[in-house]
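Engineer: Start from chain A and add chains B, C and D according to the hints.
Protein chains: 4
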Amino acid sequence: MRFFSDNAASVHANVLAALADANAQDTAYDGDALSARLNMVFSDLFETEVEAMWVATGTAANSLALAAMCAPHQGVICHREAHIEQDEAGAPGFYTGGAKLMLLDGEGAKLAPEDVEAHCAAIRDDVHQVQPAAVSITNASEYGLVYRPDEVSGISEICKARGLGLHMDGARFANALATLGCSPAEVTWRAGVDALSFGFVKNGGMNAEALVFFDKSLAADTHYRRKRAGHLQSKGRYLAAQILAMLDNDLWLDNARVANAAAQVLAIVAQDRLVYPVEANEVFIRLSAEEAAQLRALGFDFYDWGEGQARLVTSWNQTAADIKPLAEAIAAL
Amino acid sequence: MRFFSDNAASVHANVLAALADANAQDTAYDGDALSARLNMVFSDLFETEVEAMWVATGTAANSLALAAMCAPHQGVICHREAHIEQDEAGAPGFYTGGAKLMLLDGEGAKLAPEDVEAHCAAIRDDVHQVQPAAVSITNASEYGLVYRPDEVSGISEICKARGLGLHMDGARFANALATLGCSPAEVTWRAGVDALSFGFVKNGGMNAEALVFFDKSLAADTHYRRKRAGHLQSKGRYLAAQILAMLDNDLWLDNARVANAAAQVLAIVAQDRLVYPVEANEVFIRLSAEEAAQLRALGFDFYDWGEGQARLVTSWNQTAADIKPLAEAIAAL
Amino acid sequence: MRFFSDNAASVHANVLAALADANAQDTAYDGDALSARLNMVFSDLFETEVEAMWVATGTAANSLALAAMCAPHQGVICHREAHIEQDEAGAPGFYTGGAKLMLLDGEGAKLAPEDVEAHCAAIRDDVHQVQPAAVSITNASEYGLVYRPDEVSGISEICKARGLGLHMDGARFANALATLGCSPAEVTWRAGVDALSFGFVKNGGMNAEALVFFDKSLAADTHYRRKRAGHLQSKGRYLAAQILAMLDNDLWLDNARVANAAAQVLAIVAQDRLVYPVEANEVFIRLSAEEAAQLRALGFDFYDWGEGQARLVTSWNQTAADIKPLAEAIAAL
Amino acid sequence: MRFFSDNAASVHANVLAALADANAQDTAYDGDALSARLNMVFSDLFETEVEAMWVATGTAANSLALAAMCAPHQGVICHREAHIEQDEAGAPGFYTGGAKLMLLDGEGAKLAPEDVEAHCAAIRDDVHQVQPAAVSITNASEYGLVYRPDEVSGISEICKARGLGLHMDGARFANALATLGCSPAEVTWRAGVDALSFGFVKNGGMNAEALVFFDKSLAADTHYRRKRAGHLQSKGRYLAAQILAMLDNDLWLDNARVANAAAQVLAIVAQDRLVYPVEANEVFIRLSAEEAAQLRALGFDFYDWGEGQARLVTSWNQTAADIKPLAEAIAAL
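Protein chains in written order, with this note's numbering: chain A, 1 to 333; chain B, 1 to 333; chain C, 1 to 333; chain D, 1 to 333.
Just chain A, same shape as in the assembly (with noise of 0.2 Å):
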């Protein structure tokens, strides 16, 4: 049974059952009657105006945001351990057209408001230095943590006051979001968010994610680095529809709360072994070579993560039943 990602799961039902009910001839691109909707739903879910589109993966979402916030000649701080810095191919390079990405430490791979303010005011103000121009954080964090409002607040209130753009990569926002409780706007632009990338696929999609600008301003272009990219597929229809059927009756919070609730299942054999609190569907342990060895050959599949640690990531399809063998066999260690 494969741990190793949410990456691996299937698409939900609903997915593919939009699939099917799209599949009738409409305008190409995002002209058509299910692309048209986007700006709509998600407005409704964030309550306020926003503006949407829809891209292929995450990796196109968070560089597209970027690229929207940060000229050639500027920086975006991130965590060292930001999936920005660690698993895109340096894309932000590519997107922004040779930007730096600022790296800083944190715990459990967030942003603390102090060091991104001291990261700043370490910055001399002249031509010579590379000058932030973002800030990108990643909720659910790479460990599976939980960014607050508060905290997301504590991070945009240093972006307000230096001019500088600030973008959630929400790969795992469903995960984080199910956890937090709050509404969707309350952690993203109430707490003064400009873009999110809104992550799907892991959570139950095939291959559309979105991307939601609050700061409508930064659209108008990337609506041209979208194309410029060979992100605007010409059935984009397909992907919309996808999104639509994971809006609907929320269905991407019911699948991020049986992740989620999966990752407690693990939590709770393993709390002794646990790295990071478990607040997302990521469940990050120690874990012996031997250790790792034995789960491996019960047919358990996932990650190391270091020395003598382990990452395991439930999905939006694992049910407590389907936990249930690799939870006994963590007990059993």
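A couple of the hints might just be wrong.
Given that identical chains are not distinguished, each listed pair holds provided it fits within a single copy or across any two copies.
Unchecked claim - Cut-off 20 Å, straight-line C-alpha distance, at most; resulting in silico cross-link-like pairs (SDA-like, lysine to any residue):
#1 324 x 5
#2 216 x 71
#3 160 x 120
#4 160 x 121
Since the hints were made in silico from the structure, they are not lab data.
Structural biologist: This is chains B, C and D only, laid out in the frame that chain A set:
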């Protein structure tokens, strides 16, 4: 009824079925069982060992191919009306890091070898002028004309002599092949093509195109570039599934034959109006503004194409019966 | 004797003397006393408040100006024979991050307003097509023709109406001004120019050009871009010194008048051979291969310019006496 | 008296004289007689066949070298305090098309082979992570420490094993050599360096640095890139002249010896305050805010360097007599 683009058509039932069949847990990105089959099936199809990868759009396929052939300080020779120049928002400039498209004229949006040679010969071999590194041709062309194998060879001989790569934009490669009747090998690598953007989306696919490298040395870096461009989808198996369904039992050719046959129905009734011979699934006709208005009043949708001309594109799902109303309407003008 | 380019000429004694005069310790980059004077002297010269900065080459000045006006996904309209297109190795593509040069025809390498308007009007206002963001004109043009103030205004009116920036490549601005007799202001900002590459190197300087922003909002980012391009010299005072020497007592105009006068001497003897009227310091003449060989046998050096034509460029240090041997040789053909 | 940078120093009389001597008409760009000598004189100096070209700044030299070694999707390993990271406004990101600087720690801004190896080993060999393509070291380092030949070899062995290029930023190469006493070859190509930015501007030049390729295969494209970056000056002979003057009779070494000797004078009086041993012409000392203010009140100009430290840079034109007042002032603190 829509004739403005084959992009508007629906997705073939086999493709949808393949998505459902693929809907199990598997390894992410292109490590899955379906993606793993692509090199083999395309190598079989082309009767030589190729390296193939899925991407979501033809723009991405084209740009990745060109970036593999052309350094930022070099250029790509193409037709002035090529899709890469006219309709991709400058994507080649983005992917190559600023390379230049060198625009040639040519009947029916096809390049003639002598024009390619003349263009190259006129460039001074010094650092002040951008040096060409590749030629890109479109088969079928933007005017629905088909390059024969000897025509491709005529261009590739210049490419070989001058050390240029040769890319074929095959957004409608299926339609070209359906007309040519030759093997896929004959009009591609046997005629000197190094990389092919093999289109499926206009021909019954949903959002998967193939980038096929005959010159496999171009593929290695492209894997990195694809990721860096946000085009390595985490659930890539759903793209591979589409392509495999399209190749299975030559569905791609069957679909193209339907579209081409529909175009021939129009070509016959519009023979006195044809701007170009109809060799694929695009029909360019002379049409006055009044006549265009008449057709539109009857519910037919299509693009004007310059002064007094219109473009009618037929699709994989338009049978001769489906096309009859438009044919009759044209005949009745 | 060399007539192949004014680049070949030596450096004026005043410029050399200014380098020696500048040879004391001062603050690095452009923090020195000489660099600090540039904004003021150019503001005086242009009778308006400008922001000016030195760079080493015209290519850098042009590209920095265009990058300030044009996003990576946009385009710059220029003449097909413009230096930025023909002779800068794709520098605009590099500096802008892949923007497109949109090439127009036009008599004598000059753009006509109606052609600029027609080109803009033909671009669909959608994300598939690259949208223009700027126009670049060259004064004097690549064929030595001069834009009059009203001709510049004709173009700038379109720019204003369409929100495009207007750049003037003034590699031979001095030669143009010497002919026009108007004030520098009249043919630049009063005629709607936003940024000027003001050339000194061809006119007696060593390696300092000025980039002058009439639209000062374009300057802020350019300071970063200049540094980022490696064009912020640490001993910048030696560039400022050159420019100040050239502006002192209108040396730039005096030098240009000498070169222009020399060109007129040639224009008179070659009046039946002229391809274009001679309005600056370039003389394009019809010349058979035999005649060209004859002149070269006499020690005159120049470029062929297409079939049966030659380009003769006069320089700031060629007096009428210096030019006499060539004039006689042409007369004797 | 200024000790904030050797950039502030004046130009050596021989360099000025060389500019005057070069002041005749010659072919433009680097086709002139002086530029033509560069390959030969540097090949002599380095006892192997090299390809050398002038550029105006060290930033341009560094970035051109890195762009020749590193594709846009790759990375360059360097010290966290390297000039290319700290003080070049992101120029490497610009020239490489978005490559990533991979920052390592290391005593005195020097890289240790084991840290380079560890960094490389920690990068997963997959398309999600940016792969390193080059290492850049600075000799003398940003803290004025000198790499010995065996230290360079220690790094280059890793480079060879992993297929990485090795670049040396030699903005103060002369100061390093003056200390090392070895031949230029020993600490460069014989120790595995592929390209060297050979600085002259800080050492008595005006605005000419040399980019020296020991791996000549890297040079061909660089000629295009230099032009494309606006760094191919049309009157390049005045840059070649400077470099030839600096190399003539080892002026570069003589100048560096003067600066180094001045630094030693300071090192002796400040021996209890030294942050690092003084191995070139930079002296980093512990200095309280009050002490710094005292020195400045006496007319000495220098940079603070973090909390409680200061950087004093000596120059080619500061003799032991010139340095005496500062030495006495430090002694008197």
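Engineer: Work down the list of hints and note, for each, if the structure agrees.
Structural biologist: Going down the list of hints, with the structure as the test:
| no. | hint | verdict |
| --- | --- | --- |
| 1 | 324 x 5 | within (18 Å within a copy, 51 Å between copies) |
| 2 | 216 x 71 | both (17 Å within a copy, 18 Å between copies) |
| 3 | 160 x 120 | within (13 Å within a copy, 38 Å between copies) |
| 4 | 160 x 121 | within (14 Å within a copy, 39 Å between copies) |
Checked against the numbered hints listed earlier, the structure breaks none of them; every hint is satisfied.
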